[in-house]
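**Student:** Let the hints inform the model, and build the full structure from the sequences given.
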Amino acid sequence: MQRFCRVQQADFDPAALQTALLAGDGAGEAAGALASFTGLVRRPSGDGAFTGLTLEHYPGMTERAVEEILDEAALRWSLLAIGVVHRIGELAPGARIVWVGAAAAHRGDAFAACEFTMDYLKTRAPFWKKEHLGGEARWVEARRGDLDRAARWAGAADTTTASTEE
Amino acid sequence: MKVLFFASVRERLGTAECELDGGTLPADLDALREALAARGDVFREVLAQPNLVCAVNQAVVHGNAALRPGDEIAFFPPVTGG
Chain P
1 MQRFCRVQQA DFDPAALQTA LLAGDGAGEA AGALASFTGL VRRPSGDGAF
51 TGLTLEHYPG MTERAVEEIL DEAALRWSLL AIGVVHRIGE LAPGARIVWV
101 GAAAAHRGDA FAACEFTMDY LKTRAPFWKK EHLGGEARWV EARRGDLDRA
151 ARWAGAADTT TASTEE
Chain X
1001 MKVLFFASVR ERLGTAECEL DGGTLPADLD ALREALAARG DVFREVLAQP
1051 NLVCAVNQAV VHGNAALRPG DEIAFFPPVT GG
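Heads up: the sequence lines are chains P and X, in that order.
Counting in the working numbering, the final residue of the first sequence is number 166, and the numbers go up one at a time with none missing.
Counting in the working numbering, the final residue of the second sequence is number 1082, and the numbers go up one at a time with none missing.
Bear in mind the hints are in silico, worked out from the structure with no lab data behind them.
Capping the alpha-carbon separation at 25 Å, the derived lysine to any residue pairs in SDA-like fashion look like this:
#: 1; chain 1: X; residue 1: LYS1002; chain 2: X; residue 2: ASP1071
#: 2; chain 1: X; residue 1: LYS1002; chain 2: P; residue 2: GLU63
#: 3; chain 1: P; residue 1: LYS130; chain 2: X; residue 2: CYS1018
#: 4; chain 1: P; residue 1: LYS130; chain 2: P; residue 2: ALA95
#: 5; chain 1: X; residue 1: LYS1002; chain 2: X; residue 2: PRO1026
#: 6; chain 1: P; residue 1: LYS130; chain 2: X; residue 2: VAL1053
#: 7; chain 1: X; residue 1: LYS1002; chain 2: X; residue 2: GLN1049
#: 8; chain 1: P; residue 1: LYS130; chain 2: X; residue 2: ASN1051
**Tutor:** Shown next as structure tokens:
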């Protein structure tokens, strides 16, 4: 199975990543579905002072944590390829932060693996966001809602694997 | 034995890492927390944070765990990536 995990400062091109995802092991012809997610730096509503984020990570552990999430996704769903790119460093409002892509024979696996990977990434991979507001900076607090979303995947293995033809 | 600090924890402590050497290495995480807390009020307050996450050799650990020379221990706040 084709897979990749990249942690980088540089911006990425979602179309190029999609092509890279399908490039390995003949996934391009076996795949009937490719689901991808791109996360962006959102300006908090009504906050004109917001000038962007700084993303910090734990070199080594971050990559390891993402690889573990990809292992888990590959166990739960029938995938042909899965990849994650996460940016670090200074990011302006509107910038791309994160990309997850999953390719599978059928869309159920691709959609579910993509969403699962994002939910786990947000709660398990050591990245931290700092918001810049005018001259001030503050660390973003972890959100209860993110933990709740990740918890939905706990326990019973996947029940959403679709057999639907595309 | 190397101890790493990240994000708000790193900023509050004013340091990204410290190296523990010599014959008095803490035998487990509880002993390490005690040794670090003895460094001052800020260390003690940070280590008392209820949501503080601890990792040993880049894997999250809950509660206590035995430590060995050469281990890499990290303390950080809940993650907020993605």
